[in-house]
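Number of protein chains: 2
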Amino acid sequence: MTNHYTPAPQAYGFDLTIKQLLNRSKLTAQDQQIVYADKKRMTYSELFVRIAKLANVLESLNLQKGDVIAVMDWDTHRFLESYFAIPMSQYVLQTVNIRLSPDKVLYTINHAKPKVLLLNSEFAPMVKDYQFENSSIEHIIWMDDNGMSSDGVFGSNQARVVGEYEALLDNASDQYEFADFDENTIAATFYTSGTTGNPKGVFFSHRQIVLHALTEAASLGVLPQKQGLVLGDVYMPMTPMFHVMAWGFPYTATMLGLKQVYPGRYAPDVMLNLIETEKVSITHCVPTILQMLLKQAEAEGKGFNGLKMIIGGSRLTKGLATTALSAGIEVYTGYGMSETAPLISLTEFRSDDPEMTLEEDVMRRCLTGKPVIMVEAEIWDGNGEALSHDGKQTGELVLRAPWLTQSYFKNADAGAELWEGGYMHTQDIAYMMADGTLGITDRLKDVIKSGGEWISSLEIETILSLHPAVADVAVIGVRDEKWGERPLAALVLKPDCQDVAIEDIKAIAEKAAEKGMIPKYGVPEQYKIVDELPKTSVGKHDKKKMREIYAGQTQI
Amino acid sequence: MTNHYTPAPQAYGFDLTIKQLLNRSKLTAQDQQIVYADKKRMTYSELFVRIAKLANVLESLNLQKGDVIAVMDWDTHRFLESYFAIPMSQYVLQTVNIRLSPDKVLYTINHAKPKVLLLNSEFAPMVKDYQFENSSIEHIIWMDDNGMSSDGVFGSNQARVVGEYEALLDNASDQYEFADFDENTIAATFYTSGTTGNPKGVFFSHRQIVLHALTEAASLGVLPQKQGLVLGDVYMPMTPMFHVMAWGFPYTATMLGLKQVYPGRYAPDVMLNLIETEKVSITHCVPTILQMLLKQAEAEGKGFNGLKMIIGGSRLTKGLATTALSAGIEVYTGYGMSETAPLISLTEFRSDDPEMTLEEDVMRRCLTGKPVIMVEAEIWDGNGEALSHDGKQTGELVLRAPWLTQSYFKNADAGAELWEGGYMHTQDIAYMMADGTLGITDRLKDVIKSGGEWISSLEIETILSLHPAVADVAVIGVRDEKWGERPLAALVLKPDCQDVAIEDIKAIAEKAAEKGMIPKYGVPEQYKIVDELPKTSVGKHDKKKMREIYAGQTQI
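These protein sequences, in sequence, are chains F and Z.
Residue numbers for the first sequence follow our numbering, so the first one is 253 and each next one is one higher.
Residue numbers for the second sequence follow our numbering, so the first one is 253 and each next one is one higher.
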């Protein structure tokens with residue numbers, strides 16, 4: 253190859269680092285607003301200053317490049333500042349999932365070994381008995397919205413407290429020259445809650461975060477305005493900033509210079525009020541949060557006026573989608589996971605969509621959407637052979653994209669398994685239609701293997717959920733001597749249907765089997781009526797716990 | 253830094269190569285259409301097959317990786333196929349600017365030294381006398397829509413003709429495994445027409461082209477639907493594919509799986525007809541093409557029904573914008589140049605725009621817009637000091653972005669100058685407002701230096717264009733013993749105003765000077781009435797030629 257394409261000596265090579273996401277906002281959005289509930293209202297120009305100040309505070313701690321800095325906070329402007337100042341200073345941001353059980357929270361901290369902890373006072377009880385002597389944490393930055401002082405909280409470890417966040421910023425210089433460096437530098441790490449075993453750490457480079465932001469803006473931007481992202485939108489997260497970085501949206505919103513609203517701790521009344529008063533127009537959440545919000549709105553007699561909402565984490569059901577639409581929410585599905593940063597697929601809306609019935613429209617919003625640009629997706633059978641996209645054949649969804657975690661942190665074996673065969677294994681069972689629409693039918697680990705056949709627990713859940721008495725349902729596989737595994741249905745009944753007969757519910761599954769909608773061996777024999785189904789920290793059905801509680805099984 | 257972030261052995265690193273732009277279309281757009289005027293209609297699935305076939309044809313020529321392959325064609329589906337097959341096979345695509353004079357066309361071929369020439373039969377006269385013996389071209393692929401054979405065209409060089417494009421594809425295998433390789437591999441080169449001297453070659457890597465496509469999709473996607481890019485749009489270029497790769501749009505449109513329409517040679521009636529029959533909804537062009545199209549539509553009594561059109565290359569004037577809007581064209585401005593791949597700034601529309609008068613609306617569409625995401629822009633004075641963004645201070649616009657040419661091909665001195673001080677010099681004189689809106693006031697080389705002061709030729713042109721008798725105007729600087737340079741105005745008068753007095757036109761400039769709109773020394777003393785102003789190959793005023801013709805100056 254010729255060498256005539258040599259860059260000029262002073263040509264700027266432009267690494268894709270997080271600081272570059274600020275370029276457009278610095279030029280065009282200095283006066284745009286950022287709001288933290290009723291506690292703070294500032295402009296982007298203040299954000300830029302505060303990022304520089306936080307970088308100076310961190311610099312004063314004499315850390316090494318690549319050191320981990322953990323943040324335990326609700327969704328605040330401080331967290332947004334950390335998203336930028338920490339990686340832009342060449343440290344690694346650890347967003348701590350504070351919804352895990354306290355011992356798991358400490359596990360993730362002991363595993364990632366942060367040198368600094370930015371700690372919201374509300375989580376002090378969770379870590380105050382922590383054995384700091386044997387811990388990596390050398391410095392604690394206290395963050396507080398409730399007038400709580402850190403005095404005396406940490407006993408003999410009090411000396412580790414550097415100071416209170418706002419006071420530290422007040423005293424810091426507002427000048428900081430963020431260096432250029434290799435875009436493949438790791439920017440952030442966080443832990444998957446996982447279905448089994450300890451949480452696993454995923455990690456993302458600056459390059460990956462920038463490419464995810466660009467793709468997210470493009471993929472949502474090219475949706476029609478009723479559903480798509482547009483300049484003028486007001487963004488508020490309702491998936492926490494500690495969870496897959498709020499789907500990367502704080503980066504995308506800041507890149508575009510949108511008005512941003514951070515709701516703090518998730519309380520339905522606060523969120524509903526912010527949506528109304530701050531004119532929030534785009535958000536994302538899991539179905540549980542949507543349900544809470546709808547209930548609150550109904551109680552207050554309010555509507556949503558076209559709020560755009562992407563649902564992920566769990567399946568959006570037709571019933572919930574219909575309710576949300578009629579409340580004025582443009583609800584649709586995004587698919588992804590911690591390992592995928594997370595955006596992989598999105599419900600597609602087009603300006604040339606044909607007329608659809610409400611039924612068809614709702615159906616589309618509830619499917620898993622189509623892969624976004626740059627994503628390569630295949631459906632693999634058990635031997636790693638690609639299946640055809642006929643909307644019928646199901647297998648594991650495997651992926652390539654420029655922003656997938658390249659392994660698990662300090663867990664090379666799990667990383668190797670994740671990438672076996674050169675594609676990232678989602679462990680989700682899916683089919684793909686000829687137009688690219690994905691349908692997730694199950695989690696690989698939730699598939700029930702009965703008599704050599706696979707039973708989709710999600711399919712059976714869907715059927716059982718059609719019974720008018722059923723409020724919530726989960727189907728798990730429990731060990732069976734004869735069949736290997738058999739499905740068990742755990743049911744929450746509606747308050748006014750507590751006296752329904754199990755046989756009545758079972759009948760709907762049998763009818764579905766008769767009609768060929770599910771296999772005959774998919775009809776559960778075992779049913780548990782419970783008050784509530786156990787959920788994971790992110791609001792998903794915790795099938796691991798269900799197997800423990802309902803079947804005494806701690807392993808699949 | 254810790255090494256716990258090691259990628260898994262089989263993790264896919266995902267270089268940003270052009271083949272990845274096809275991922276989404278392969279999954280979601282197999283049945284989408286691509287149209288070449290009335291000559292070809294095919295689906296994306298055919299496109300994918302034809303890209304593989306073209307790669308096999310090229311492979312049979314035993315080239316080396318990095319070899320240049322030149323294309324001389326109108327805007328056709330073949331050109332689109334070349335955009336992918338050539339760089340995806342690790343060759344360098346040279347898009348030959350066929351609007352240059354024949355000697356300049358041959359200059360660019362002699363300079364880039366392609367091994368293969370894909371030649372539309374209509375350009376055969378331009379190259380048939382070319383001294384192939386001393387040339388780099390070893391193979392010619394004949395492309396033809398008019399039933400013209402290559403027999404006997406090339407005299408003793410006939411043996412270099414490999415065959416006719418369609419026949420070669422017919423006989424090629426449809427299987428080709430495109431390899432992964434370094435994203436920094438050069439993908440494409442083309443030549444700027446330039447204001448002085450020989451054309452200069454710019455070059456772009458796979459990575460740069462992919463990042464440009466992502467950013468273009470995001471930047472246009474987040475505009476409101478009336479003006480922005482949306483799934484369901486139908487794209488047709490009206491800036492040629494040889495010129496800055498049709499602004500990168502063929503890549504962006506293919507990445508998104510949009511219906512695409514290629515108009516061949518630009519003829520207003522053909523383009524107007526395609527817009528109507530194929531329902532073209534988004535395009536881009538220079539003002540000259542827009543004028544042609546409006547004239548044609550007026551003659552045929554047709555409108556444009558909300559066609560989105562980005563104008564670049566030359567300034568969009570208020571008069572033209574107003575006419576276009578009233579004809580149903582959502583016209584607005586994009587700014588860029590060959591060196592910038594080209595997207596740098598774009599008129600911003602927002603969903604929360606305040607009510608505007610038509611005057612304000614038109615004004616905004618005619619300014620140079622705001623820098624798009626990832627772009628860093630500064631206004632520098634003559635000493636490389638950044639000026640403030642007050643909408644008043646003018647200086648040279650300098651840039652950083654992930655897709656700027658890193659030098660000029662085989663011209664290291666010009667490349668070094670381009671990147672002096674670590675920013676890319678546009679040679680455009682601009683101001684920036686506090687909200688990031690750019691206003692280009694002049695080309696650095698077109699600024700008139702009179703008595704130690706700078707005179708903006710564009711400002712004077714704007715004033716003179718307000719005179720009702722003036723159809724077109726250009727102001728150039730001509731040497732003057734006393735002042736160094738003085739402005740000369742070249743004027744085209746409207747057909748029914750041929751008898752207007754020069755003094756009458758000069759009066760409007762004097763009035764503007766009185767009111768402080770232009771400096772007193774900005775009023776030209778010299779006027780030339782001409783039938784037509786010389787234009788460059790891309791339809792811009794050719795001021796270099798004007799200085800030669802009107803002032804006998806061959807150098808500034």
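There's no promise every hint is true.
Which copy? The list can't say, so a pair holds if one copy fits it or any two copies do.
Said to hold, decoys possible - Under the rule of at most 30 Å between Cα atoms (straight-line distance), these lysine-lysine pairs were calculated in the DSS-like manner:
1) 644 / 271
2) 570 / 547
3) 365 / 547
4) 278 / 644
5) 278 / 763
Since the hints were made in silico from the structure, they are not lab data.
Now the hints, each set against the structure:
no.: 1; hint: 644 / 271; verdict: between (45 Å within a copy, 28 Å between copies)
no.: 2; hint: 570 / 547; verdict: within (17 Å within a copy, 52 Å between copies)
no.: 3; hint: 365 / 547; verdict: neither (41 Å within a copy, 69 Å between copies)
no.: 4; hint: 278 / 644; verdict: between (49 Å within a copy, 19 Å between copies)
no.: 5; hint: 278 / 763; verdict: neither (61 Å within a copy, 39 Å between copies)
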